[in-house]
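Trainee: For the record, the sequence lines run as chains P and V. Each residue of the first sequence is one higher than the last, beginning at 249 in this note's numbering. Each residue of the second sequence is one higher than the last, beginning at 328 in this note's numbering.
Since no wrong hints were added, every one of them can be taken at face value.
The calculated DSSO-like cross-link candidates involving lysine-lysine, where the alpha carbons are at most 30 Å apart (straight line), are:
hint, chain 1, residue 1, chain 2, residue 2
1, P, 635, V, 446
2, V, 527, P, 560
3, P, 560, V, 472
4, V, 527, V, 572
5, V, 572, V, 503
6, V, 446, P, 619
Honestly, the hints are just simulated from the structure, not real lab data.
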Amino acid sequence: MSSVLVRAMLVWLALSVQAAVAGVAIESWESSRGARVLFVESRALPMLDVSIEFPAGSARDSAAASGIANLALRAMRMGSAASGGVPALSEDEISLGLADVGAQLTPSFDVDRAGYALRTLSGERERVRAIDLLAAIVQRPAFLPEVVAREKARVIAALREAQIKPDTAASRAYARLVYGDHPYGLRASGEIDALERIEPAQLLDFHHRHYGVAAAVVSIIGDISREQAREIAERLTSGLPAGVELPPISSVPSLQQAVQRAIRHDAAQAHVLLGAPGMRRADPDYFALWVGNYILGGGGFNSRLTVQVREKRGLTYSVYSAFAPYQREGAFTIGLQTRRDQADEALRVVRETLSDFVRDGPTESELAGAKQHIIGGFALRIDSNRKILDYLATIGFYRLPLDYLDQFPQRVAALTLEEVRDAFRRRVDPSRMATVVVGGIAP
Amino acid sequence: MPECRSAARASLAAALMLFCFAPLAGDRMASRTLENGMQVLVQEDRRAPVVVSMVWYRAGSMDEQTGTTGVAHVLEHMMFKGTREVPPGEFSKIVARAGGRDNAFTNRDYTAYFQQLHKSQLSLVFRLEADRMRNLLLGEEEFAKEIRVVMEERRLRTDDQPGSLLYETFMAAAFKAHPYRTPVIGWMPDLQNMTVADAKAWYERWYAPENATLVVVGDLDAQAVFDEAARWFGPIPGRAAVPRKVVEEPPQRGERRVTLRAAADLPQVLVGWHVPVLRDVEQDWESYALWVLSSILGGNDAARLPRALVREQRVAVSAGANYDAVNRGPGLFVLSATAARRDGAAAGEGALRAALQRGAQHGIRPEELARTRAQAIASQVFQQDSMLGRAMQIGTLNNAGLPPDSVEIQVRKLQEVTAEQVQAVARKFFGVDTMTVAVLEPLPSLSQGTGADE
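The following block holds chain P by itself, in its conformation from the complex:
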């Protein structure tokens, strides 16, 4: 730090990060049947990104039908039923229809949300064809017995493969400890024995209940007018099921004490996870915790954890800390992998680093650096249609304000050192955490 060049650069940077970023103009309305629509017109490229999402994530599973949410989303694109004058579509017709216009369809799935993102050229022929196929997928999935049986077998094969791996063993044990019986702790793609029992009729029922129009969120960005966006939103939502009022997801209880689990494994590396229930998407401490976490372990090569565990000691390739903000309190997690005989040492360094951070908070310099990074680099968060689409979907689903992207840098700029320290002290308790270590069998 003593070098003149470095000091000169840091001073200069401190003066120059007030870069203004033009806001993203989001239009929003309700479709005629009550779905939420968010739209950004973007004329630079002849393309269109559209996503449609529902409250149909893995937290909507039950232990008895674990894996149903994931299986429904996965099999939805593999055949649609006839309806009125509209013919049925086979899985090949859907796949080839999308490929014929060069469109790309990507599923999205987490504990809260399930849906699809479609990317297509914006020309009328390609756009209309691709949107028609997406509408058929989300509105009239066929769940043919043969397709369901095959996809169950493929999901189960992937689960069996994953079960051998140390990272899977770690994350499963960790989820049990952190979430207990809360549905956020259910394995996202299900348990093998429950999956084997799922029938097509259950998938149809799941679709009718969870893919209801009133809870749908349609996000659109691209080379179309608002009127065209309105038509697309109508096309995607007009034939959706009515759905049912879904029960709210309960709060995730805090851990009452420290819990740990060790699983022996013969992999070359031990996998270490440490954490506890964290924060919600609409949490009043959201920005304080998020910025604090950037300093602790979210900020790439400059975070405290990376400096202590990787840069100073060479104990790992990757160490991180992260919040998972959902409708309810997703976990705050620290993770790393290290040669199996080094797990204890790495864990000790992580615990010390975390305790110090929670006790003392960040330094003035660290907080200033974090603000410079986040505010000065804010333009990078919204420099592509893909990134903006993700923000639209999040804003829509969690009912964040439409000027969220304008507020974001302002909220970060306004944070004080005391707010960050106070939030961590209240919300992250190193003495009540779940710890999982998988590894440690000599070859």
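With the hints as your guide, set chain V onto chain P.
Mentor: This is chain V only, laid out in the frame that chain P set:
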């Protein structure tokens, strides 16, 4: 597979590689060579007030020698470990405080460093990159720590990943002479025996302006970028290019088979053949035909391989085809499958080869060709949504010795491929004597738990 300084970048780089043929529309790319031999390529992109800056060194794992495999990637890690002016760890900190993100990655053909940040910060990153191009310290102590990090990276991404181990085993069998036979991350014993002197020798051999290309994409005038590049990189002394040995793979005379046993549940199969890569973007129709063939076999969920192996015959849970046309070294055409049953490796291999045979005997259908064309045109547009993607594309083409602005030509040439040409390459290159097969045979793994379960 590229090796990266941080895990998140691996999938990004891999994803970008899939779109090697997507062209750039809009502003033309501008090119300039500084007096010291450093090449500068600029693509203006005005959609956001940001810029991507990349420095590419034409030195990857294919330039390594026996006994020091992995040194290209180790040096990439060491590039963050300090110069006289910028102490260890400060590089990324300075970029972060400027609102930027930075990383680097090493591949078979190159090592590349990049920063993404607000356009007002470009001269800062030029200054930092120019500094570490000539002033790297390469201290013993920093090396001793960082080589351990690299070994952890190998354990994480290769040693505990049966799919990666299989690919490594496959490449070592498919190539006997060409250095594509060694993994980018390096063999573990080579990493254990590596010294700071190895890294230093690598740095001195390859890190110089005549072996580097600066690629900038973003919201800036090309002339302003050239001026700024000349200001920071221009003072670095030029030197004569280091002579390179041409290494060619001798012809394969007979089928090769290798087996890997590792902890897994289902067998995986890789089947590959030696094929040409793109050297002349106007003339090399066989490369374009091979690209179309790979797309017809594996380019969508209902392409020939997933449809036949996964949906109809149910012998595999996944199947695909891969052909990289843009490489400095020789090409491979690779089919892959994960079998649906523990005893299904042979059935998977048979079905992969049968699908290729059908193409050779019966040709392809017009709608398959039309679909491939549509996908190529669409992905050329989609690619432009990411500035980093555009910079990657320019750098990859340039590094492979192809015109960096030739993507439009390539997409046009793809449109011109005929069904006869696809059938012709399917007949020509896929004989049994030039085939390499690698099979992952599953082994059980040991795992048992202690401690609180509930």
